Amino acid sequence: MTPFLNKENLNGFFRYAMALTANKQDAEDLVHTGIERALKGGFSTIENKPAYIRTIIRNAWYDELRKQRIRNEVTTDLNDTVGLNEIEIPTSMLEVNPVDIIISEIELERVWGKLADQQREILYFWCVLGMTAAEMAKELKLPRGTVLSRIHRLKIFFQKLQGNESEVQHD
Amino acid sequence: MTDSLKDAATDLFNQFELEDNSIEKLMTLEAISGSPQTKPVIMIWASRMAVILVIAVMATVFGVDQFNDYKKQNIIRLIVAEVVKNHSNLKPLEVTSDKLISVSSYFDGLSFSPYSSKFESVASVLNTSLIGGRYCSIQGNTAAQLRMQSSEGVYSTLFQTNETNLFSDIPAMTDQNTIKEFKDGFEVQIWREKGLLMVYVKPASSI
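Protein chains in written order, with the working numbering: chain H, 7 to 177; chain E, 205 to 411.
These are calculated hints, taken from the structure and not from any lab test. Computed from a prediction, not measured in an experiment: that's the story for all the values here. Any given hint might turn out to be false.
What the hints assert, rightly or not - Far from chain E, by Cβ distances over 10 Å, these chain H residues were calculated:
(1) Glu70
(2) Lys73
(3) Lys144
(4) Leu148
(5) Leu154
As the list claims (entries may be wrong) - Derived list of chain H stretches under chain E, where covered just means 3 residues or more per stretch with a C-beta under 8 Å from a C-beta of chain E:
(6) 18–30
(7) 33–44
(8) 103–110
(9) 113–122
We treat Cβ as the ideally placed atom computed from N, Cα and C, and that holds for glycine.
Okay, chain H solo, but in the shape it has when bound (with noise of 0.2 Å):
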């Protein structure tokens, strides 16, 4: 039988870490964290073991950020640099997809940076693993509200990005 541990898993979760952290050091710290505290309590028990490592992750990432007491601050000032705290959510725009919304590799690239770390993590659920608003909320433990809007506020920046602001707030 395969490990559950292979290449393609740990690349997997290292590219989550990724979108958390944005940081190939911190993202693999992150990703040996995760591992060692999953394997640490009943492992075998567990059922769906991706959700289930991603969320040791994602909270050791936050309990890091907590620590260094900025993760405040790093929200704050991406959702202030993107500007989209105020703004009303749209109906239409509660299913959106991200085969829809076109930015080239590189210009994608040049603004991973500037996202803040919910809206990487949103990226990748999102575009890589595929999932679902509903899927993400089960995952974030969070409401399908408030990942939608994240989706929502994702989709603004990369249009905002494109010139497009206009005319999406008019759909």
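Using the hints provided, position chain E relative to the given structure of chain H.
The following block gives chain E in isolation, referenced to the frame of chain H:
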């Protein structure tokens, strides 16, 4: 190249890969910790180690017991052989007296004064048949050799020496019981009493 956000994000994330050595380390963690896939193997090894550990502990415990038993039997065997030889040699007495106090006073080179035993049968012989004594040794420890001769001319000998670690496995006398061994037609009784090792030798046939 312009692409959908989904494709661009997937391509971007796919660039992020752990180093091979990190992957190896993480995979090792799973093997060590006993994940569902590796647990049976780990459990097999753990079981084997447990069995080996139990065997080792048992071997140690029983080995120590057996060694102690061997040590005890060996020291008894050595004492028996030595005292029977000394008794049989009937070397000249260095002090002659039928009074224990007189004979005991001769042994001023010992750290104790030979005295009558609580072992009643020996005490009785000592009181009635003592003829003298001489220095000797038991397993390298200086000892007093008290010789008795019955009215029938039968010799018996009481050896007394300091109790040392060498004799620690020999039981103290309880309820007039002692270790009793036979060799070359002699009966040898061995016991510990008041910090001394006592050995009494007499012909096996004598009462």
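To see whether the hints hold, each was checked on the structure:
| no. | hint | in the structure |
| --- | --- | --- |
| 1 | Glu70 | holds (18 Å) |
| 2 | Lys73 | holds (23 Å) |
| 3 | Lys144 | holds (21 Å) |
| 4 | Leu148 | holds (20 Å) |
| 5 | Leu154 | holds (16 Å) |
| 6 | 18–30 | holds (count 5) |
| 7 | 33–44 | holds (count 6) |
| 8 | 103–110 | holds (count 8) |
| 9 | 113–122 | holds (count 4) |
Of the hints listed earlier, there is not a single one the structure fails to meet.
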